[in-house]
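Visitor: Sequence:
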Amino acid sequence: MTHSTRPVTLITGAAGGIGAALARALAGTHTLILQGRDPARLAALADEVGGQPLLLDLLAPDTFGEALAGLGRVTNVVHNAGVAELGAVAEQGHAAWTHTLGVNVVAPAELTRLLLPRVREERGTLVFVNSGAGLRANPGWASYAASKFALRALADALRDEEAPHGVRVSTVYPGRTATPMQQQVRAQEGGAYDPDAYLTPETVAATIHFVLGAPRDAALPDLSVRPGPR
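Under my numbering, the residue at position 133 of the sequence shown is numbered 120, and the numbers go up by one with no gaps.
If you are wondering where the hints come from, they were derived from the structure by calculation, not from laboratory data.
Mixed in with the good hints, there may be bad ones.
Computed Cβ-Cβ distance ranges for the label pairs, DEER-style [unchecked claim]: (1) Thr(-8) with Glu72: 37 to 45 Å; (2) Ala14 with Ala77: 39 to 47 Å; (3) Ser211 with Asp183: 15 to 23 Å; (4) Leu58 with Arg28: 14 to 22 Å; (5) Ala206 with Gly74: 33 to 41 Å.
All C-beta atoms, glycine included, are put in the ideal place defined by N, C-alpha and C.
Sequences are here, hints too, so could you generate the full structure?
Guide: Structure, rendered in structure tokens:
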């Protein structure tokens, strides 16, 4: 496979646990565009996997068009970036809601809109990394779950809209995964962080890799991934 015929895959939140694991899993077979907002971490990962860094603040959607203008082909987009700020509805103000929905929903929607012409040309795939919270909302998780329910709605509508263009849309619902974000969540919950009880980022990355490489006659709309027996 030559460089010019490789799929070009853009990963958001690429420097995080799942994003970095996915970049490593795809290195050598995909041309990678790695979105993040930490220049040092992004540059280190880009050097490791041979990817192109894309510095982008997901809370500034008005900057997306200019940032993406220089990109060439884009075959696949993996919407992996996300934030989680726990709290009861009675305690969380509009700033928490705006931040969570901005990163988890508005940014993926706007990036998708801007990148769709390229993905259509490639008959590519869009993957939305969701959460178990996108299927069920628990106490203290209202803003995060609302954002993930909305992300699911975005993917569901997009799937039918883009089918005539040959674009596939999948949502992956990982269970708790051993990432820095999960450490923060457990701290907010006041519980212990036990990475051995969770999925590894590499397992979730392998699932996304499978989705991206599925034969063209297969549609994989929704996949839930949970820790298996040890």
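Visitor: Against each hint, give a clear statement of whether it holds in the structure.
Guide: Hints, verified against the model:
Range check, Thr(-8) to Glu72: Cβ separation about 42 Å, and the 37 to 45 Å hint holds. Ala14 and Ala77 have their C-beta atoms about 46 Å apart, which keeps the hinted 39 to 47 Å range intact. Checking the proposed 15 to 23 Å range against Ser211 and Asp183 shows it holds: the Cβ atoms sit about 21 Å from each other. Look at Leu58 against Arg28: about 21 Å separates their beta carbons, and that is inside 14 to 22 Å.
Separation of Ala206 from Gly74 is about 37 Å and conforms to the stated range, judged on CB atoms against 33 to 41 Å.
Of the numbered hints stated above, none is contradicted by the structure.
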